[in-house]
Amino acid sequence: GAVVSQHPSWVICKSGTSVKIECRSLDFQATTMFWYRQFPKQSLMLMATSNEGSKATYEQGVEKDKFLINHASLTLSTLTVTSAHPEDSSFYICSGRGETEAFFGQGTRLTVV
Amino acid sequence: GENVEQHPSTLSVQEGDSAVIKCTYSDSASNYFPWYKQELGKRPQLIIDIRSNVGEKKDQRIAVTLNKTAKHFSLHITETQPEDSAVYFCAASNTGNQFYFGTGTSLTVIP
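Chains L and D, in that order, give the protein sequences. Numbering (our numbering) for the first sequence: 71 to 183. Numbering (our numbering) for the second sequence: 34 to 144.
Next comes chain D alone, as it looks inside the complex (with noise of 0.2 Å):
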């Protein structure tokens, strides 16, 4: 089955700075690779997705990149902003299957 790994575990930056989250996977099936925002208590909310047949996505201060030969993708938030602390969550999936979540990425801004 699938296997993703996420890191750092726990990321500090100072507001304004950019954070840069990775994961890696290790079935060359999935093809879809969303990431989601989780705070506490509250469920998992979709932040930006990338398929495949694509390398980069952009979506105002979020972007995200995958390396379909090295299995890796990463997301990148950039002009950080206090609002943006949550747990970040990497998956992997192919189409139709279960999503394989990464362990998480607890990101802090600070003011």
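Next comes chain L alone, as it looks inside the complex (with noise of 0.2 Å):
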């Protein structure tokens, strides 16, 4: 099946930093890949729709500011964590839609000090 690479798989950084993830679609075109955050023992989150070559559609409650997703090829988008904080640890979980079936990239884990 398709692959979703994403990384870092793991990340420790200090309040007020930003970071940076990313996610690949390595054998096929994502026209559209999804980002979920997943708190412990809890369900997938959607966060945002990233459409290659225009802006994320945002959920409800969530700040674009704050999350900032890039989607500039056909094969990657990032999200960029802007200025954590320690309720921003979670598990980020991007995913790409092939022609029905949804591919999961590996998450990350956030931590932030």
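Careful: at least some of the hints might be erroneous.
Below, simulated PhoX-like cross-link-like pairs (lysine-lysine); rule was C-alpha separation at most 20 Å, straight line [as the list claims (entries may be wrong)]:
1. D/K55 - L/K111
2. D/K70 - L/K111
3. L/K111 - D/K75
4. D/K70 - D/K55
Short, incomplete list of chain D residues facing chain L, as computed with Cβ under 7 Å [to be verified]:
5. P77
6. L79
7. G88
8. K91
9. Q131
10. T136
Simulated from the structure, these hints should not be mistaken for laboratory data. Idealized CB from N, CA, C, for every residue including glycine.
Once you've looked at the hints, go ahead and assemble the two chains, each given alone in its own frame, into the complex.
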């Protein structure tokens, strides 16, 4: 099946700094990528839909100025958590959609100290 | 938008017994319903899916049923094994759009 590569898989950063997470579709072109956030023992919550060449669409309650999404090419989408705070610590997962099935990245565990 | 509800949130079964997880959805336009298995700290993995033109689908010990009229679908795992222990998520999608996930079911299979 198709592969979505996400990195880093784990990052620790200081409060106030920014962190960039990359998501690449390795063997298919993803015109749309989805970014999810997952707290421990909870479901995946859609944060935003990333569209190649256009602005991302954010879900209600997600700060677009804090979670910057860029989808510059058909194979790369990035999520930048700006001025990170401890409450931003979470598991972030990207997903690229093929014809029907969704393919998930490995996830990034972000810890803000 | 779509709203997916999933029950139960936790489920414990004895090895060899069956496990059933149920989901409901709200958007009648949804036409694709995948189920994902997620182990701790790992990415969700697709285990089975069903489209709206099919009522039931089976793959070895796993089966999924869909009732479009009632807007609910279920995952059935028979002859459960300890390695089936994980969190299972249902999802609903309209082709080309994003997936909306259920809240998850933590399944524990007791040896």
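Evaluated hints:
1. For the suggested pair D/K55 and L/K111, the alpha carbons sit about 18 Å apart, so the restraint of at most 20 Å is met.
2. About 13 Å separates the Cα atoms of D/K70 and L/K111, which keeps this hinted pair within 20 Å; it holds.
3. Proposed proximity of L/K111 and D/K75 is supported: the alpha carbons are some 12 Å apart, at most 20 Å.
4. With a CA separation close to 14 Å, the supplied pair D/K70 and D/K55 stays within the 20 Å bound.
5. The restraint placing D/P77 at the interface with chain L holds, with a minimum CB-CB distance near 5 Å, inside the 7 Å limit.
6. The beta carbon of D/L79 is positioned within 7 Å of a beta carbon in chain L (closest approach about 6 Å), and the interface hint is therefore held.
7. Residue-level restraint check for D/G88 is violated (minimum Cβ-Cβ distance to chain L is 18 Å; threshold 7 Å).
8. The beta carbon of D/K91 comes no nearer than 18 Å to any beta carbon in chain L, farther than 7 Å, and the hint placing it at the interface is violated.
9. Against a cut-off of 7 Å between C-beta atoms, the interface hint on D/Q131 holds, since the closest Cβ of chain L lies about 5 Å away.
10. Of the supplied interface hints, the one on D/T136 holds, with its beta-carbon coming within about 5 Å of a beta-carbon of chain L, less than 7 Å.
Checked against the numbered hints above, the structure violates hints 7, 8; every other hint is satisfied.
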